[in-house]
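Both chains are sitting in their own frames, so use the hints and assemble them into the complex.
Here is what each chain is made of, one letter per residue.
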Amino acid sequence: MSRNSVTLADVLDGLVESHKMTHENAQHAKLLLQKKTAVQPWYVRTMVGFGAWLASFFVIGFFVGVFSGMNEIGFVVIGLLLVAGAVALRRVFTGDFMVQCALAASLAGQAMAAFGVIEVLQWREIEVFCWAVIIMSAVLFMIFPDRIHRVLSVLLALSSFVIFVYAQELNMLIPVVGPVLAVAFVVLHERGAMFIESGQGALLRPLQNGLMLGAFGCLMLSTVYVIPELAKHVEFYPRPWISTVILGGLFLYVGSRIWPPLVVKAHNQGLTLVYGLMSIVIVAAWSAPGLLLALTVVMIGAASGSRSMLGAGIAFLVVFVCAYFYGIEITLLAKAGTLIASGVAILLARWVLLKVMSESPVAGASHD
Amino acid sequence: MGHAHINANYANVVELASELALDENAYRRALEIAKLAPDRSDWRLYVDRFLMAVGALLLVAGITAFFAWNWADLSHAYKFALIQVGIVAAVVIAWRLKIDSLAGRASLLGGSILVGVLLAVYGQVYQTGADPYGLFLAWALLILPWAIIGRQSGLWFLVVILVNLCVVMYWAQVLYPPEGRWTLARLLGPLFWLGTTVMDSRLANVLFILNGAALVAWEFVAARGVTWLAGRWAPRLIALITLNVVVIPTVIIIIGEGLGVRATMKALSPVLMVLAFAACFYYYQYRKHDLFILTCCLAGTILVIMSLAVRHLLDDFGSSLLLAMLLIVMVSAAAYWLRHVSRRWAEQS
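Top to bottom, those sequences are chains A and B. The opening position of the first sequence corresponds to residue 515 in this note's numbering, with each subsequent residue numbered one higher. The opening position of the second sequence corresponds to residue 219 in this note's numbering, with each subsequent residue numbered one higher.
Bound-form chain B, shown alone (with noise of 0.2 Å):
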């Protein structure tokens, strides 16, 4: 099997054009043939969405340096009623240009995120005390009837990303704070002391559980054909983390043994990484095709591997040109056999 199920795609049109040159005109014809220019009613469908996305993401970026501007002038009582108006103006936006519109879903979505302003502020403020986590916690809790009547996948993630970050903060603030030369992470700002908590291989595990519970919740939901669960980058996503949180310790735990890291259960973050990466090469190759996931699976499998032999292997510069070519061989690998599976799907529809 060769062209016939190639996809006349942009890339694919102009490969086949320059392998048999074509002139001016049979290449102008050859991209006419393959519809690749839009028709007028596509240029709407883009204007419409594309410039709505672009506007509204300039305009809240915008409003959001001009508060950040003078943000310390402002009384509270101005910060409070800011943002709740803002709330309830993306609300009624919602609901005027009807919840299932684009325009409706990005007002839905936006009171979502100042939802979550307003608690930090309220926070701020008030000096309340509360561990972050109550925050990640009450926005979640809060936004989930909006999720549930929303029906857009945007609003969902959002919730998935906050139960994720609740729990990493409950877990690395009153369960298991940093111990040791590990505190010293926060000095380097929240994200960097956020990826410092995945050394904990118990905390990767327990959100591996939890990301892999809503990815499966994701699939089977959107298997029964929810239209609105259809788009696949929110899956990826969850799987994209769902995997990274068992692959990164799993090379830890390979190269970081001597490194003092909070390796307990240790068995565990390996053994549930080769589980993930059955399930998903099945579920992903039969039932439910996509390649991105594929090809982090393979990514992920890769570096295990790489990690597992740079350890036993390196041990002087011979050794470098074995592991190179090692590498060039799993990658090789890969790419053909995911362009074999890309293939035999092509051949199945």
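The shape of chain A in the complex, shown without the other chains (with noise of 0.2 Å):
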């Protein structure tokens, strides 16, 4: 049977025959999933997403049009109230329709209620306005049960930590913060396990996707210059190297999970050569660090078969390419330097990779 031809059905069945689960159980099993469907296609759930946020501002333009007199406190409850209609609303209900005014409802309460707050905080102590969204995004990200909006709701509380960090003017932590985003990435891919045995496998891959996510706007932020015009009271801190030390440990331990078995053992010298690569890979991209995150996304993605994290390392390689280009933080000639240093480094990788995965000692990479 050819990886594509795998049904759900055909694995329920394999489960069975190897002894993992019951007869009764996968019966069980099938029954309970003829009601369930595939998870849509990306692009499908863009539309869906986008058509959400659209009609949460419809929605928000109603409640202020109606309660147009009304104080900050008003706003805060008000929001909270169309939070909670949406929770209870999306817990019961899994229809398209409802799924869809649900997610409105919520983000267009979250947007009322973070704007009672602001108002009520008179747009000072904007730390205590930040915890605020990150204890409600914790909270929506257990208790609404939608993929879309737990990303989200990662995302939004993500953002706000950013903000209190820069707030807190510890602008120095914000290299950190991508690399440990990604470092939390890896481990929850590890022990995803863990999270489906115990009943919570509903939040992994929002989890993992917003987390993901987070790792890449992050590690933009500590890499590309900002214009100073642009962002006048914000002081970015650009010191690509303090992620590239973090980063770097986390590709050679990824790679340490993966290449081991695909080097054939009739190359002695395989594996180091292997790992002195990846270490070259790691001094070229020394200010580059996205091009480690995006070679750890995709080496991930690609074992585990999952085409969304393959497509999205890849996407991110080349937006963090060009806006690392566009950057005027640093000169050409040393641009030049680290793209042309990690290009050269890849392509001997391929080389080597392609040589000590070969069955045959003697034969060499594809089109060498």
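Just so you know, the hints here were simulated from the structure itself, not pulled from any lab data. On a predicted model such as this, the values are computed, not experimentally measured, just so you know. For every residue, glycine included, the Cβ atom is placed at its ideal position computed from N, Cα and C. Some hints here could point you the wrong way.
Claimed, not checked - Here are a few chain A residues that sit away from chain B, every Cβ distance over 12 Å (derived from the structure):
#, residue
1, Y557
2, F572
3, V591
4, V606
5, I632
6, W645
7, L669
8, L684
9, V694
10, G731
11, R753
12, M813
13, G819
14, T845
15, L847
As the list claims (entries may be wrong) - No more than 25 Å apart at the CA atoms, straight line, and that leaves these computed lysine-lysine pairs for DSS-like:
#, chain 1, residue 1, chain 2, residue 2
16, B, K297, A, K869
17, B, K253, A, K544
18, A, K544, A, K534
19, A, K534, B, K253
In structure tokens form, the structure reads like this:
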């Protein structure tokens, strides 16, 4: 059976055959799955998410119009009521229409509550506001049973945390935040089975995706220089090498989980060569840690057969290279050096990997 | 019909395992049964293709950055020599490594891009004063033989994009230069200015015919079993352009009537849009299954209906809720229908 033709029914049958599930349980699971549908492709989910986001603006417009004379506390109360209603709606119904309604109402409610809180604080004490958003997002992540909403909750919480860090003038932490999120993403990927076994599997992929996207965003912040005129009151802290050190370790760790079984035993020095080349890639990407993060995500995506992770890693690689190219913090000569050295190291790595993965020690890369 | 035909991809297997709260061993076994982890030959293929593409991307970006660094100081002869050596090297590599190999294809595509750089530098050095449409036309014509012998979708897609740019430039610089406030659009950069050209629905209609013809030709040839046209990314992007150049003018005609938009022959864009949607809904549902293009058609339909609703219904705050409901109903119905269609395809296969 080819990879693409395997269905969920085959998986259930295979579990029964390998005694990981009883026949009765599998039959019961099949009956339950009769009502289930496949996860929609990313473009359909994007359309649904965009529709919910746009609808939330109309809902906000309605409530702002109806309660135009309302004070700040009123906005908070109405906002929280909307969110509570949305949670109840989503927990009871699973049809597309109700899911959409719940998403739009929740986003609108959160925006209204956030506006009310910030008005109460009179646009001061931004730290309090950030923590309020983080707590609300954490609670909604747990109780709002929707994949898109959960990813948005993770991103909202992470954005608020980054704003808090800047508000506290702890800019030197920013180059660490992206790599720490990447580490959390990798740990979660490795320990995903524990989530599933404990019955919390529904939280796994939204948290993983949120951490991955958060790592991408934070790394861009810490790497790409922002034109001062565009952000007069925000001091960015581009110190890419700090991120490179942590991400380099992560890159080697993920490599150590993937490459050993693939290197043919006949190549005695194969693994040493692979690790050596990975180290060269790390050194070459010293001022461009986004390359290491993208390669790490792509490796994990390929190893687990997750096309969305693979696509996200490749997309981030392209975005990062473009942003890096247009950043004005580093001279063009330094950029050229980094990009050429990384490119050569990666092509060299390809050549070596194809050699050490070849069944015949004398066979080389396919096109060399 | 439920689970029986649901593909066991990563997302679906994780979802299934979560629903059943499988233990760690059973979960790992489920991943094995689904054959999600690549074997050695799959890894070789990934490494071969991905690292080649990334390495080439970084090298090209690095070399570009290097020349950008000291470009102004280079003499004209050096500039031309460097680019021409690059073109010759790309062609020689493509020839030596075989034109159908991955490296050969990447080389030929790189050489085709360098042809455009050479023409741009020629115009810059000699200040020819020629209109930019000439550059895109010459570029497309010069790489056309390579596209014919190269047999790769990337090269043909580049040709389609160049012809589009040529038409836009010829229209906006020679035939109908922007007037009044639209001339200000140039100040905000070429991309913004190019974006505003779609405000002219006549140009949009020409682009629709051009890209629509390219899409029909692509699908026609691909349907005859031409293997190098089997990939879906290029026809999807061409379809996206084709639909955009009729949806955007239609929305502008609906919303921007009072904005002084040059919407001559304005009935044509909506008519073309309806025809395009009808053709796509039929072809990509029954002849060539493509959920992405069907999703684009539905998104466009929703956008146009919402534009009509905003224009005619949005008069007070109460109507905001009505619009929200309308949008939610349409998006939900679209998601439901797409799920229904993909199930039907799975049943048929």
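Hint by hint, here is what the structure shows:
no.: 1; hint: Y557; in the structure: 5 Å, violated
no.: 2; hint: F572; in the structure: 4 Å, violated
no.: 3; hint: V591; in the structure: 19 Å, holds
no.: 4; hint: V606; in the structure: 16 Å, holds
no.: 5; hint: I632; in the structure: 22 Å, holds
no.: 6; hint: W645; in the structure: 30 Å, holds
no.: 7; hint: L669; in the structure: 19 Å, holds
no.: 8; hint: L684; in the structure: 32 Å, holds
no.: 9; hint: V694; in the structure: 24 Å, holds
no.: 10; hint: G731; in the structure: 21 Å, holds
no.: 11; hint: R753; in the structure: 21 Å, holds
no.: 12; hint: M813; in the structure: 9 Å, violated
no.: 13; hint: G819; in the structure: 3 Å, violated
no.: 14; hint: T845; in the structure: 7 Å, violated
no.: 15; hint: L847; in the structure: 5 Å, violated
no.: 16; hint: B:K297 with A:K869; in the structure: 38 Å, violated
no.: 17; hint: B:K253 with A:K544; in the structure: 20 Å, holds
no.: 18; hint: A:K544 with A:K534; in the structure: 15 Å, holds
no.: 19; hint: A:K534 with B:K253; in the structure: 17 Å, holds
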